[in-house]
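Next come the chains, spelled out residue by residue.
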Amino acid sequence: MNSFNSLLEGFASAFSVSNLLFGLLGTFLGTLVGVLPGIGPALAIALLLPITYTVSPSSALIMFAAIYYGAMYGGSTTSILLNTPGESGSVITALEGNKMARNGRAGAALATAAIGSFVAGTIATFILAFTAPTIADWAIKVGAAEYVALMLVAFSTVSSLLGSSQIRGFISLAVGLVLGLVGADLQSGLSRLTFGNDAALEGIETVTVIVSIFALGEALYIASRFKETGWKIIPMKGRALMSRDDWKRSWKPWIRGTAIGFPLGIIPAGGSEVPTFLSYGVEKSLSKNKAEFGKGAIEGVAGPEAANNANAAGALVPLLALGLPTSATAAVILVAFQTYQIQPGPLLFSTNPALIWTLIASLFIGNTLLLILNLPLVRFWVQLLKIPRTYLFAGIVSFAMLGAYALNTSTFDLSVAIAIGIVGFLFRRYGMPITPLILGLILGPNLELQFRRALQISAGDYGTLIASPLSKALYLTLFLVIVAPNVIKLVKKLKAKSNK
Amino acid sequence: MKFKPGAKSELTFVGSLFALGVLVFWDTWRTELPEINLTISPKLFPYIVSFMLMLLSSILFIQILRGDLATPEGLEPGDKIEKSDLRTFILVLASLFAYLLLIERGGFVIANSVTFVGISYSFGNKKLLKASGIAVLLSTIIYFSFTKFLHVALPAGIFKGLM
Chain A
85 MNSFNSLLEG FASAFSVSNL LFGLLGTFLG TLVGVLPGIG PALAIALLLP
135 ITYTVSPSSA LIMFAAIYYG AMYGGSTTSI LLNTPGESGS VITALEGNKM
185 ARNGRAGAAL ATAAIGSFVA GTIATFILAF TAPTIADWAI KVGAAEYVAL
235 MLVAFSTVSS LLGSSQIRGF ISLAVGLVLG LVGADLQSGL SRLTFGNDAA
285 LEGIETVTVI VSIFALGEAL YIASRFKETG WKIIPMKGRA LMSRDDWKRS
335 WKPWIRGTAI GFPLGIIPAG GSEVPTFLSY GVEKSLSKNK AEFGKGAIEG
385 VAGPEAANNA NAAGALVPLL ALGLPTSATA AVILVAFQTY QIQPGPLLFS
435 TNPALIWTLI ASLFIGNTLL LILNLPLVRF WVQLLKIPRT YLFAGIVSFA
485 MLGAYALNTS TFDLSVAIAI GIVGFLFRRY GMPITPLILG LILGPNLELQ
535 FRRALQISAG DYGTLIASPL SKALYLTLFL VIVAPNVIKL VKKLKAKSNK
Chain B
202 MKFKPGAKSE LTFVGSLFAL GVLVFWDTWR TELPEINLTI SPKLFPYIVS
252 FMLMLLSSIL FIQILRGDLA TPEGLEPGDK IEKSDLRTFI LVLASLFAYL
302 LLIERGGFVI ANSVTFVGIS YSFGNKKLLK ASGIAVLLST IIYFSFTKFL
352 HVALPAGIFK GLM
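Which chain is which? The protein sequence lines are A and B, in order.
Residue numbers for the first sequence follow the numbering used here, beginning at 85 and rising by one.
Residue numbers for the second sequence follow the numbering used here, beginning at 202 and rising by one.
Honestly, the hints are just simulated from the structure, not real lab data.
Careful: at least some of the hints might be erroneous.
As the list claims (entries may be wrong) - Restraint ranges, calculated between C-beta atoms of paired labels, are given here:
no.	chain 1	residue 1	chain 2	residue 2	range
1	B	P235	A	G365	50 to 58 Å
2	A	A580	B	G216	26 to 34 Å
3	A	N583	B	V223	39 to 47 Å
4	A	K470	B	F360	47 to 55 Å
5	A	K374	B	L266	51 to 59 Å
6	A	Q271	B	R288	20 to 28 Å
What the hints assert, rightly or not - If the Cβ cut is set under 10 Å, some of the chain A residues that face chain B in the computed set are:
no.	residue
7	Q271
8	L274
9	L277
10	T278
11	N281
12	A303
13	S308
14	A501
15	F535
Beta carbons are placed, not taken as given, at the ideal position from N, Cα and C, and that holds for glycine.
Modelling step: build the complete structure from the supplied sequences, incorporating the hints.
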């Protein structure tokens, strides 16, 4: 069966009344949580996880797809009107979008962000529908040894590229790996790092870690360090519409943003920071209105917003086809799948094609619903920004605690949540990136499993790890990712010295 | 030796990461292996992780000693690093512990309301009566929508039989 037919069947099952309602609910909740300042898509999805515990897998996944796109959509509204980007991907949007809002062009900025997200999301989901199965077909042949190499590359790129300091990224990863070790070892039953606590034998819940490191860590950090800083909402005049000139200036950046964002989502480049920055740079150098950049150029909103959305869809390719999350948000979605005992990866396309095609179809539907519902409703979302900060954080924190507790109705999870919250505070205070920790926690146990499997097959011969050409190529990449930034640094240092 | 402001606390933080590495090493070393034949010992991976953590935190420790301090989130490199407000930090933490202690003894509505008001107060809200009203209302709505519509059981606590 080819992708196109499967996709049509996916649409057929996604278009049932109840699934559409779940999609609608997802877009609503996603936008709602995404609009709230300080909540990025990763936290938004993690916070909404408890709501889906009781619905059927396909409905839940449809809801997640909608929440995913909805949260990103809501996030751009906040960056434009409040200048407080909820996640790294919207930093650039805030840059130009907020300036546009100050010039009284909030409506046009919101519209180009929304329509750009829609265009990018639709194109990218289309490419996703046709590339993911191909990659999955190929990935079925990928052995355990190559998986080990693949995960090591994902680890090192995410740790190296995020944040300003490579070593802090790797330390964050190591802490995540430690958290992933806690519990009984699956093969031998050996209890590791449990210190005699029975509840710890089950391991540390990923959802608990994600919710607490983002929500509780942020609350502790903001409360104790940025108490006085308030927000200033820029009032929105008129409606969210674009003039003919705005359209003319926007459509090319949308396409270029998609072209930059999607491929960078597939490779583990560590989330949407790099593609949005790249897109901004490209638009700035191509634009005829260079002087406007920094003062509210619409291209500077259209391009990065499209790149951000295409990047998010791109990140779903390795997630669905390989079971390999490459960003914090993709990691949360992986956990959402696992809650339903579904393991994303190459086998999923053959074992559960109906589910995966329904999911892909609902990405299209969610994206369209967002555009239809949200542009007219933008005033309603803006009202949400007026919730006072004290109540907002109180709500986020208590909901995070509820999420941590409701997972297993266990107070052990709550103690873990508080401890991880403190870790989140320390990481923010000492400039450590958080995404590597989450990847380490989720992929660490998987890495160990594949590593052991590879060596069992080879009867303990370590040579198997680098036997295939793919592994060799991956280890070469790994070497470059770790060494290249240091070489560049060294060369710059030497140059600076010789110039003196 | 003179330190830049903030260096001492960061050194303590990185030192505790090193200690975490030592802890992982010690825990792995002291546990006894079950008597089964495995190609790869379940101890290998923890050992690697503990060495990685100890090595990396030592390198970072030296970097900090040489003046390469972290930039706290939300600040630009070179910004003055202010001390965290310890009192507020403890207030937030206490609100979190209140939830942990109250959820099964007092029930969801009480735990959630206390935490809500506590956090709101930590963020500078002085109108405690209004905050309490909102907290109780919100908690009750959440309680009923979770137990009745989503079928996620939450502890009723002291209101058992009433709710």
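Quiz item: Any hints this thing doesn't respect? Which numbers, in order?
Solution: The structure conflicts with hints 4, 5, 6, 11, although it agrees with all the remaining ones.
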